[in-house]
Amino acid sequence: MNIEFRTENEKTIVDMEGRLDTNTSPGFQKDLEAYYNQEGFNLTLDFDKLDFVSSAGLRVLLLIQKKGKALNGNMVIKNVKPEIQEVFNMTGFSEILTIE
Amino acid sequence: MLKVVPKLVYSTLIKKGNKKIAKFDELTKNAPQVNKQLMLDLVKRNASTEFGQQYNFEQIDSLEAYKAKVPFSTYDDYAPFIERMIKGETGLITNDPIVHYALTSGSVDNPKRIPVSEQTVKTYREYATHYSFAVISQAMANKWKKGRGLNLMEVKFETLPNGLFAGSISGRGVYSIKDMLFLMFTSPKEVVFPEHIMDSKYAHLRFALTDRSLSYIVSAFMTAVSDLMKYLELNWELLVDDIEKGTINPEIKIPDDVRAQLQVYIKPDPKRAAELRREFEKGFTDPIIPRIWPEFTFVHAIGSGGFSVYTDKMRHYLGDIPIYFSVYAASESIMAICHEMESQEFVLIPDSAFYEFIPMDREDDSEETLTMDQLETGKDYEIILTNTSGFYRYRIKDVVRVVGWYQNCPKIQFVYRLNQMVSIAGEKTTEECISWAVKEFAKEAGCQLVDYSVYADTMVSPGRYIIFMETEERLAKEKYRDYRDIIEKKLSIANPSIGKKVKSGILSPSEITFVQEETYALYRDLMIHRGISGNQLKPVRVIDTLIKENFFFALVDKEQ
Numbered sequence: 001m002n003i004e005f006r007t008e009n010e011k012t013i014v015d016m017e018g019r020l021d022t023n024t025s026p027g028f029q030k031d032l033e034a035y036y037n038q039e040g041f042n043l044t045l046d047f048d049k050l051d052f053v054s055s056a057g058l059r060v061l062l063l064i065q066k067k068g069k070a071l072n073g074n075m076v077i078k079n080v081k082p083e084i085q086e087v088f089n090m091t092g093f094s095e096i097l098t099i100e
Numbered sequence: 001m002l003k004v005v006p007k008l009v010y011s012t013l014i015k016k017g018n019k020k021i022a023k024f025d026e027l028t029k030n031a032p033q034v035n036k037q038l039m040l041d042l043v044k045r046n047a048s049t050e051f052g053q054q055y056n057f058e059q060i061d062s063l064e065a066y067k068a069k070v071p072f073s074t075y076d077d078y079a080p081f082i083e084r085m086i087k088g089e090t091g092l093i094t095n096d097p098i099v100h101y102a103l104t105s106g107s108v109d110n111p112k113r114i115p116v117s118e119q120t121v122k123t124y125r126e127y128a129t130h131y132s133f134a135v136i137s138q139a140m141a142n143k144w145k146k147g148r149g150l151n152l153m154e155v156k157f158e159t160l161p162n163g164l165f166a167g168s169i170s171g172r173g174v175y176s177i178k179d180m181l182f183l184m185f186t187s188p189k190e191v192v193f194p195e196h197i198m199d200s201k202y203a204h205l206r207f208a209l210t211d212r213s214l215s216y217i218v219s220a221f222m223t224a225v226s227d228l229m230k231y232l233e234l235n236w237e238l239l240v241d242d243i244e245k246g247t248i249n250p251e252i253k254i255p256d257d258v259r260a261q262l263q264v265y266i267k268p269d270p271k272r273a274a275e276l277r278r279e280f281e282k283g284f285t286d287p288i289i290p291r292i293w294p295e296f297t298f299v300h301a302i303g304s305g306g307f308s309v310y311t312d313k314m315r316h317y318l319g320d321i322p323i324y325f326s327v328y329a330a331s332e333s334i335m336a337i338c339h340e341m342e343s344q345e346f347v348l349i350p351d352s353a354f355y356e357f358i359p360m361d362r363e364d365d366s367e368e369t370l371t372m373d374q375l376e377t378g379k380d381y382e383i384i385l386t387n388t389s390g391f392y393r394y395r396i397k398d399v400v401r402v403v404g405w406y407q408n409c410p411k412i413q414f415v416y417r418l419n420q421m422v423s424i425a426g427e428k429t430t431e432e433c434i435s436w437a438v439k440e441f442a443k444e445a446g447c448q449l450v451d452y453s454v455y456a457d458t459m460v461s462p463g464r465y466i467i468f469m470e471t472e473e474r475l476a477k478e479k480y481r482d483y484r485d486i487i488e489k490k491l492s493i494a495n496p497s498i499g500k501k502v503k504s505g506i507l508s509p510s511e512i513t514f515v516q517e518e519t520y521a522l523y524r525d526l527m528i529h530r531g532i533s534g535n536q537l538k539p540v541r542v543i544d545t546l547i548k549e550n551f552f553f554a555l556v557d558k559e560q
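Chains as they are written, first to last, in UniProt numbering: chain A, 1 to 100; chain B, 1 to 560.
Chain B on its own, in the form it takes in the complex (with noise of 0.2 angstroms):
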């Protein structure tokens, strides 16, 4: 393909991205106005809907107001509205038209449809894509040279009774500009739309290092970027041989009609696999990316929080190769993004969703909430949304913690799920928490992290934190107990009242255990088998359901 029809795709988005920002930059000076009005303008949008009669939306003309009428809710209240909706009646939640329904990744039993209408794909759009892009632009400058990208994000929906789509809001983005994917991105239709289940790290591969010119990779999350790389170190020389060749390996899992198809884009290339075979013979140790990808100038994925250890692990092959964070979204709506490259500091989107908070450390069980002009840097808040496809002052359970201001809005960080806290005694131990001591851990075991997450084990008296991890290499059996005492000693650090309780009695000591070997790899192919998207598999930080539990602890490591 020729190098400049990618550059014009580019560089039309980037002129949007680039209005948004100015857009955005106006917004942000009155924040809470903007929230505010926008909080207003939906309740009158959707007074005639039947959730707007059971509250009185004709009634609301002030925050007060909304306040007093509307209570907070979760997906249950909405759950009845949603099957009705399914087979097709409208004006239940909201009268905006409803476009797509967001499968979470939350349960695997019974996942839940987030409806999503036409405006909050819009915004998804023009911040996830246009205003991102243009970020990067302005960041990288002459650097980006607008070759085409590497796109993770699969596009695997089901149609409903009402005909609308259910699948990953993620991928609902990637189908939003599906006219364009092409120009942009490396792999072919086949492979972002997968009707079968194929291999597809294979297949984003075979196509991502026949060109030399790939600029960057975006992915929903940091997880499939770095499995994506780790799949590339073992399994380099027959995607190079098929390279080589302009053939497909007939051991990959495709299914022969998509193969036949996959084989017409291909040629055979032996100049490129000749220059990817030397670089790969040179070894991993040194970045990889950089040498197979001259021109490769950033990562664009969820990376910040839980997903650091996969951030990190991509470091090691990324170089000094920037990462944009992206966004801070949920199947609910896109919350706050990222103003610069590198940031792990995220903005709140005043146009996208209404906010209020409640205060982490409020005592009481008041629930008032706070409004965005009344947050203060460095404390932590519950976040409630008021939505664009119908839902009213939802508990979508996440604290975040306001690091700073972007002129009067607030940047955010993600701290932790509300319902993912440990808290065995009342000692509320967030995943953030979890996350520091872990990786402190392995600085000081001098061990290299797969993955972890942390189980509280009520079957003993008193109870205990027991943290699981897998490593890259195996640990020295005798140093157990050594091991043992520097995660209690990083725990009690994360959270003083781990240490208390357990000098008090109140906590037994806090265990480490080894899983073997691919046991998280394992665990994600499972969920993919299972139907959940891999655009939607975030890493398992705690391990709080029966499932969970039996699969860890068969897993466990008992040589270790």
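Looking at chain A on its own, in the form it has when it is part of the complex (with noise of 0.2 angstroms):
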């Protein structure tokens, strides 16, 4: 998986490309971790070329959420394509994610 940050507006962005799943979730995590271990952080996660969200992938993004809600942090993920929006439909991410 590629990711790419840039600064839009104050927000962090974050381009992902490939899958989000247990071989890359470990790398994703450290990759961001300098980002959402800040108070107030304020990221976007922009799936607009990401395939492909496992299990793994989906810890990952629970983590980042509830250290959204410990540091007043948000974190919002756009772009998302069909098939991963039906998964977090099925498994009721869509309730706790902010997905535009």
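Treat the hints with caution; some may be incorrect.
Okay, derived cross-link-like pairs now, EDC-like style, lysine to aspartate or glutamate, Cα gap no bigger than 16 angstroms in a straight line [claimed, not checked]:
1) B:230 <-> B:525
2) A:30 <-> B:237
3) B:558 <-> A:83
4) A:69 <-> B:195
5) B:230 <-> B:286
Part of the chain B face toward chain A, derived, beta carbon under 10 angstroms [said to hold, decoys possible]:
6) 415
7) 530
8) 550
Derived from the structure by calculation, the hints contain no laboratory data.
Positions of the beta carbon are idealized from the N, C-alpha and C atoms, including for glycine.
Two chains, two frames, some hints: make the complex.
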């Protein structure tokens, strides 16, 4: 999976490409740690080029969401493909995450 | 901390426990009479309650009268009383003071609040703490050096309108020994009584690893112990670095004020860190626990029946260190206790609740119950409870098997929950059958199980079983047909009725489905996120709700 960071109106945008799965989610978590450990973090994950999210990937998203609660942070996910949206809907993540 | 302090605390507990064992031995000699008398005492004591008046408790002076006047009950029968009790009314179902409400793990949307009396808390304390430590002490003798333990039962309570706490019953047990807690256990109060979400696995291990003399781990369920060890396997480098430097890694999720408080207890310990690193670098193939904690003597957790897959995993970390399988208990009552190490048989506690039994092999719909003296070894029974907190002839929906006798008291094993039994065409498949079939499958397929569930698929006709499974390593896709045949064969041995019904076309052949790695861990994370206490998380054995159905189907490993 490729990820690229950019800043837009004080928001950190993360462009994600490929698959967020067992192999890639530990690296993804590590790369994002510096961002979601900051008080009041403001992250947008752009899923436009992301094809797949596995259980391991969902665990990382849940972790960041929990961090958001603890640190007054915010994570928004946008441009979600229908197949990933369906996984979010079926697992209950669409009620937990902020999806645009 | 001086080693002598925990030793003194344990000695006091064990002394009380030895007395409890002696008393238990007396009680079990006359268990049926003791048990019946408990029911008569409860009825007499609670005759003036609203429930007692409704069912004419004052006229009950025999077992026959009790059965005739009081119908079976379920939680719904008590729910209106409990609502009023939470608002402050008393004397509704019991005259004994209620001191706690146990939130059950059963339902996410509408957890039940089970009233818990002071008497019930006392019984829990006397058996789950005093009695059990005395049994362990007698079994382990001088091997148990009585250092501190690692307690994974966290206390997270909400306050109700009547001022009482609601939370897990195991948490209430820990709360009841709160003054001794920090002499007995390694984790500080900020970890045991968490006020905010934090990385509790890290926090427990951060303190336990620094104590070379750790004696044991205690948890409500084996699931939490197994998860903790998996976390250790994945994160030992981070933990050891922190122990060496006397830090808490900034990436660990702990609220700032708690972090600052925990930091007060921490000092750099390069010597211990070097010792731990040496052992972790050798890998986890050989049992790790005796290598990092040389005085470690036992694990104390519910780990039989549906939890056995986690117990099997723990053996890998423990080597030949024994397990004390604790109790057979629910929010409503502690019902039975192990009287020896490693035994997975539980002796009914005759002074904890009054028990009635319905034989599972009864062919008619009669609701006539048996008492403990009428039970037969090897037979299965639904257990009906009258507890010390105001529930009468309560259908807890558990089925137990009588596996022997301790003096005049039955020894039992939990077999399955009635509402967790799967039956598509009357074949009645229990958790026990599924567990056996899945474990046999893993042996034959040569894989390591992470977890499993069963789903009754009635969207096809005829209906069929789908076994959901997570394995440590991905299985070969081209062997899928073989795997399906293996599980079909094993299910048919576990429950011959399945095999017969598949052959005669009443059931479709069973299916096996593998879910993605970390699916079961994700489910547990989600439940905790939704407010279920980690103490209460039980394995998902039956996919029986739309929420579970959607969740597990969404995470099927389509590449397998």
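Notebook entry, point to check: Hint check: is the beta carbon of residue 550 (chain B) less than 10 angstroms from a beta carbon of chain A?
Noted result: Holds. Min distance 4 angstroms.
Note to self: So if I understand the rule, the pair passes when the alpha-carbon distance is 16 angstroms or less; does residue 30 (chain A) with residue 237 (chain B) pass?
What the structure shows: Holds: residue 30 (chain A) and residue 237 (chain B) sit about 15 angstroms apart, inside 16 angstroms.
Next item on the list: Could you grab the alpha-carbon distance between residue 558 (chain B) and residue 83 (chain A) and see if it respects the 16 angstroms cut-off?
Entry: holds, 13 angstroms
Note to self: For the restraint on residue 415 (chain B), tell me whether the closest CB of chain A is nearer than 10 angstroms.
What the structure shows: violated, 31 angstroms
Item checked: Distance restraint between residue 69 (chain A) and residue 195 (chain B), which requires alpha-carbon spacing of 16 angstroms or less -> holds, 14 angstroms
Notebook entry, point to check: Should the interface hint for residue 530 (chain B) be scored as holding, given a Cβ-Cβ cut-off of 10 angstroms against chain A?
Noted result: This hint holds: residue 530 (chain B) lies near chain A, its Cβ roughly 8 angstroms from the closest one there, short of 10 angstroms.
Note to self: For residue 230 (chain B) and residue 286 (chain B), compute the direct alpha-carbon distance and say whether it is at most 16 angstroms.
What the structure shows: Measuring from Cα to Cα gives roughly 14 angstroms; hence the hint holds.
Check: Taking only the CA atoms, is the gap from residue 230 (chain B) to residue 525 (chain B) under or equal to 16 angstroms?
Finding: holds, 15 angstroms
Hint check: a violation occurs at hint 6 only; the rest are consistent with the structure.
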